[in-house]
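Colleague: Each chain, written out:
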Amino acid sequence: MTTREKILDAVLKNQPATTTLPDTSVFEGDSNELVQKYMDVFKTIGGSCVLVKDIAAIKTFITVNFDTAKRIVTTLPEPGDSFELISDNVDPHSYDDVELALIKAHFSVAENGAVWLTEEVMGQRIIPYICQHLAVIVRAESIVPTMHEAYKKIGEGDYGFGGFIGGPSKTADIEQALVLGAHGPLSMTVFIIE
Amino acid sequence: MNVGLFIPCYVNQFYPNAAKATFELLQKSGVNVTYPVNQTCCGQPMANSGFEHLSKGCNDIFIENFSSFDYIVGPSASCVLHIKDHLHSDKDEELAANIRTKVYELVEFLTDIVKIEKLNAFFPHRVGLHHSCHGLRGLHLSQMSELNAPPFSKPQYLLNMVKGLEQIKLDRLDECCGFGGMFCVTEEAVSVKMGKDRITDHSKNGAEYITSSDLSCLMHLEGILHRNRSAVKVIHIAEILNGAT
Amino acid sequence: MSQTKTKDHAALAGAFIKDEERVDWHDGALWYIREKRDIAAKQIPEWEQLREAASNIKSNVISNLHEYLLQFEANLIKNGITVHWADSAEEHNEIVYSILKAKEINQMVKSKSMLTEECHLNEYLEERGIEVINSDLGEYIQQIDNEPPSHIVLPCIHKRKEEIGELFHEHLGTEKGLSDPTLLTRVARKHLRNIFLTRRGALTGVNFAVAETGEYVVCTNEGNADMGAHLSEVQIASMGLEKLIPQKKHLGIFLRLLARSATGQPITIYSSHFKKPRKGQEMHLILVDAGRTRQLGRKDFRDSLKCIKCGSCMNTCPVYRKSGGLSYHNTISGPIGAILAPNLDMKRHADLPFASTLCGSCSNVCPVKINIHDQLYKWRQVIVKEGYAANTKALGMKTMAWTFSSPVRITKVGEAGRWFLQNIPFVLNNKFNPWFKQRDMPEGPKESFTEWFIKNENKKP
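Residue numbers (my numbering), protein chains in the order written: chain A, 45 to 238; chain B, 324 to 568; chain C, 380 to 840.
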């Protein structure tokens with residue numbers, strides 16, 4: 045008998061009589077004032093949130109607030125000066141020196157400030173984790189109230205990898221002192237396009 | 324309403340004043356209260372130590388003494404809870420089950436059954452209310468701080484009726500005092516530390532008296548208070564509600 | 380790290396408590412996290428319904444585990460993930476070793492996995508020439524100190540920053556006396572970044588595994604699981620059987636509950652959903668039993684398998700806060716540890732269900748409503764029945780039961796106790812009486828209530 049068979053047998057023998065799944069459709073968020081709610085929550089997490097009109101405004105913001113002499117990568121088509129287009133064909137290790145990554149989220153969640161990204165909008169899986177600073181673009185109308193609506197939007201989700209990212213990386217492992225910037229980015233800026 | 328007075332074994336021996344106050348309070352509330360003198364122990368000390376199977380003798384005596392009453396009332400949340408959860412009988416399980424539905428701790432009996440609305444009591448002191456875990460999370464005498472649920476408190480409701488009494492506010496509303504039955508001696512260091520910390524919370528917030536529905540908690544806290552020559556005193560809630568001065 | 384004889388919880392706790400200042404600090408730190416959980420929970424009006432739903436979903440999982448395992452396995456394979464099954468800790472470790480050996484990998488980076496800690500994976504691999512680095516900062520600190528984590532979410536919550544600074548000075552060459560958390564974290568960031576960039580093998584735990592889609596979710600705040608995984612050639616996920624959830628949408632419920640229960644955050648910074656291998660990468664998932672099917676068969680204790688490892692029971696437990704996780708001598712400590720451990724080794728962990736006052740706070744904070752305090756009571760009965768209670772205790776209990784089952788005997792004992800306390804208190808007030816160590820005994824009143832009542836039976840109030 046293989047281990048697999050042994051374990052499955054034991055499970056079948058030991059599991060109790062079946063109980064039904066609860067109806068989870070009762071859980072629903074409040075869809076009012078989502079932009080404001082999102083911005084308030086994201087700030088408390090230690091991220092920066094900026095309301096903008098268009099992509100051009102984002103690029104201007106970045107050139108003003110980040111060091112464009114360092115490596116800035118993006119998934120935006122026609123990146124222009126200062127921005128390098130991310131390639132999904134190169135070794136992920138080669139992105140080690142990225143200062144800032146600018147990518148687009150599918151949507152974001154007001155109750156916890158998280159953005160939802162999949163591999164296709166990250167450029168490469170490593171990008172949003174390896175960069176020193178992360179910038180994410182979110183369309184205002186794509187903001188959902190809670191995780192319940194989020195998973196409705198994600199649906200079956202045919203991606204190889206996806207992730208919620210809810211702010212700059214952090215740790216409080218040393219005497220519960222909150223430190224922003226653990227192993228992921230030191231900061232996160234979300235641009236909300238209205 | 325015929326009420327059988329259930330006085331826990333250690334209350335009977337070491338805190339007879341709390342038992343007297345309970346007896347008098349019940350009489351004042353208009354119920355017909357009897358005290359079966361041959362009662363012994365609810366069996367909790369054995370059961371909580373893993374020896375539930377040894378508490379059959381106690382169960383039988385309890386049933387024998389109390390089955391005839393409309394209600395059974397006792398000034399101890401933990402003993403009452405134990406009966407409610409664990410009273411069983413090999414001889415007559417139906418009888419045991421029936422008793423489990425009519426056993427009440429004093430505070431909940433006064434608020435839920437007697438539905439008392441005023442008390443003729445005067446206690447001009449600052450009092451800290453200690454929520455015994457069995458009373459709180461077992462009998463739901465008050466709302467539990469962990470839950471997202473509307474606040475309420477039966478003991479506080481009664482204490483509010485006592486003239487001159489000022490209830491202090493604690494830093495930690497309902498942390499355990501550390502008595503825990505045999506835990507108080509098998510894990511003596513943790514037990515005492517827990518007790519000390521509760522006392523610190525009460526005394527730094529100005530309590531002159533610490534009160535509770537459970538004398539086991541109070542006995543443990545009193546032991547620490549006395550050892551440290553503290554001015555803070557303990558008093559069972561029955562004694563306050565009965566008009567202690 | 381083998382131990383010849385494990386001290387029991389009471390002894391270890393006693394040692395921890397001797398340093399009262401440290402205990403107060405440890406207790407305060409964890410209580411603060413409990414308070415943050417309360418604030419987060421109270422911001423969600425439907426919090427209690429979420430707990431109920433999560434509890435019911437997990438009940439459905441453990442009662443249909445066979446079916447979900449098969450569904451999950453089929454989907455994993457469809458997604459290109461290689462599935463392994465491990466009956467024991469040893470078998471799990473062998474599997475990890477063989478996966479790495481096949482690719483000639485002798486250095487691996489690992490993100491938080493309590494399961495691999497339980498299996499003593501790191502030691503197993505080190506003995507066979509494979510270096511493992513724990514990338515979670517707290518676990519890294521514990522690793523360089525050669526100590527297991529004391530808390531499942533906050534591995535070094537028991538350590539002061541000065542002690543951590545000392546460790547960094549010794550192992551990473553930082554300046555002596557440096558203890559600023561931000562500066563220490565920056566040093567660790569730099570050091571571990573180099574690890575991520577050079578390790579070809581990465582191992583993660585699994586927070587949730589979705590049967591419906593064959594994907595699994597890893598939650599971190601540090602980003603270390605992702606840094607390891609997305610740079611690796613071989614990615615391994617180690618998972619306890621019970622980590623399954625039926626459908627993708629159920630993640631909405633669990634992810635709303637997990638971080639709020641654990642630390643008061645609305646969500647962990649990273650909730651990474653791994654589904655298919657990266658181009659050119661190999662992905663493996665190991666399904667581990669190691670005692671879980673045995674617990675599944677225990678009617679009174681199987682609900683402990685619902686646990687989503689948030690640690691909130693530890694944060695609220697006054698015994699845990701004042702005795703420290705290491706006094707539980709088990710990978711999973713605190714209240715949940717006390718109901719999981721006896722299933723793994725009843726003899727070794729017989730003391731754990733007794734390391735509690737049964738206050739019930741744990742059951743109230745548990746996001747999946749495990750009746751922890753009820754299970755602690757029930758484990759006590761089992762442990763005594765199986766013969767793991769000390770002989771002296773059994774004798775004492777039998778005597779107590781005999782005394783208490785007779786009104787005459789109990790009265791005599793009560794009278795005697797009161798008489799001694801009044802007249803010759805030192806008989807009870809001495810160093811052999813553990814109560815007496817730090818507490819005074821109650822006073823012995825002249826008469827019991829029964830005596831008073833009988834005397835006054837016919838008087839009206």
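A couple of the hints might just be wrong.
Keeping only pairs whose Cα atoms sit at most 25 Å apart, straight-line, the calculated DSS-like set for lysine-lysine is [claimed, not checked]:
| id | chain 1 | residue 1 | chain 2 | residue 2 |
| --- | --- | --- | --- | --- |
| 1 | C | K655 | A | K197 |
| 2 | A | K196 | C | K457 |
| 3 | A | K97 | A | K81 |
| 4 | C | K457 | B | K556 |
| 5 | A | K197 | C | K628 |
| 6 | B | K351 | B | K414 |
| 7 | C | K816 | B | K407 |
| 8 | C | K655 | A | K148 |
| 9 | B | K414 | C | K777 |
| 10 | C | K415 | A | K81 |
| 11 | C | K421 | B | K407 |
| 12 | A | K87 | C | K655 |
| 13 | C | K685 | A | K57 |
| 14 | C | K678 | B | K379 |
| 15 | C | K816 | B | K379 |
| 16 | C | K628 | A | K148 |
Just so you have them, the derived chain B footprint on chain C, three or more residues with Cβ under 8 Å [to be verified]:
| id | segment |
| --- | --- |
| 17 | 456-464 |
| 18 | 596-605 |
| 19 | 690-704 |
| 20 | 738-744 |
| 21 | 750-760 |
| 22 | 809-817 |
| 23 | 820-829 |
Rather than coming from a laboratory, the hints here were simulated on the basis of the structure. In this text, a Cβ means the ideal position worked out from N, Cα and C, and glycines have one as well.
Colleague: Look at each hint and say if it fits the structure.
Modeller: Comparing the hints with the structure gives:
For the suggested pair K655 (chain C) and K197 (chain A), the alpha carbons sit about 20 Å apart, so the restraint of at most 25 Å is met. At roughly 23 Å between alpha-carbon atoms, K196 (chain A) and K457 (chain C) fall within 25 Å of each other, so this suggested pair holds. Distance hint between K97 (chain A) and K81 (chain A) is fulfilled; the C-alpha atoms sit about 19 Å from each other, no more than 25 Å. The suggested pairing of K457 (chain C) with K556 (chain B) is violated, with an alpha-carbon distance near 69 Å, which exceeds 25 Å.
For the hint pairing K197 (chain A) with K628 (chain C), the CA-to-CA distance comes to about 10 Å; that is within 25 Å, so the pair holds. This hinted pair does not check out: K351 (chain B) and K414 (chain B) have alpha carbons roughly 36 Å apart, beyond 25 Å. For the proposed pair K816 (chain C) and K407 (chain B), the alpha carbon gap of about 34 Å is over 25 Å, so the pair is violated. About 22 Å separates the Cα atoms of K655 (chain C) and K148 (chain A), which keeps this hinted pair within 25 Å; it holds.
For the proposed pair K414 (chain B) and K777 (chain C), the alpha carbon gap of about 22 Å is at most 25 Å, so the pair holds. At roughly 20 Å between alpha-carbon atoms, K415 (chain C) and K81 (chain A) fall within 25 Å of each other, so this suggested pair holds. For the suggested pair K421 (chain C) and K407 (chain B), the alpha carbons sit about 31 Å apart, so the restraint of at most 25 Å is broken. A hinted pair counts as satisfied when its Cα atoms are at most 25 Å apart, and K87 (chain A) with K655 (chain C) does not qualify at roughly 33 Å.
A hinted pair counts as satisfied when its Cα atoms are at most 25 Å apart, and K685 (chain C) with K57 (chain A) qualifies at roughly 18 Å. Taking the CA atoms of K678 (chain C) and K379 (chain B), the gap is about 24 Å. The hint holds against a cut of 25 Å. Simply put, K816 (chain C) and K379 (chain B) have alpha-carbon atoms about 33 Å apart, too far for the 25 Å limit, and the pair is violated. The suggested pairing of K628 (chain C) with K148 (chain A) holds, with an alpha-carbon distance near 23 Å, which does not exceed 25 Å.
Taking a C-beta to C-beta cut-off of 8 Å, the segment 456-464 of chain C contributes 0 residues in contact with chain B, too few for the three needed, and the coverage statement is violated. With 0 residues bearing a CB less than 8 Å from a CB of chain B, the segment 596-605 of chain C misses the requirement of three and the coverage assertion fails. Only when three residues or more bring their CB closer than 8 Å to a CB of chain B does the claim for the segment 690-704 of chain C stand; here the count is 5, and the claim holds. Counting residues of the segment 738-744 of chain C whose CB falls under 8 Å from any CB of chain B gives 6; the rule of at least 3 is met.
With a cut-off of 8 Å between beta carbons, the segment 750-760 of chain C has 4 residues touching chain B; three or more are needed, and the interface restraint holds. For the segment 809-817 of chain C, the proposed coverage by chain B is satisfied: 4 residues have a C-beta within less than 8 Å of a C-beta in that chain, meeting the threshold of three. For the segment 820-829 of chain C, the proposed coverage by chain B is satisfied: 9 residues have a C-beta within less than 8 Å of a C-beta in that chain, meeting the threshold of three.
Hint compliance for this structure: hints 4, 6, 7, 11, 12, 15, 17, 18 are not met, and every other hint is.
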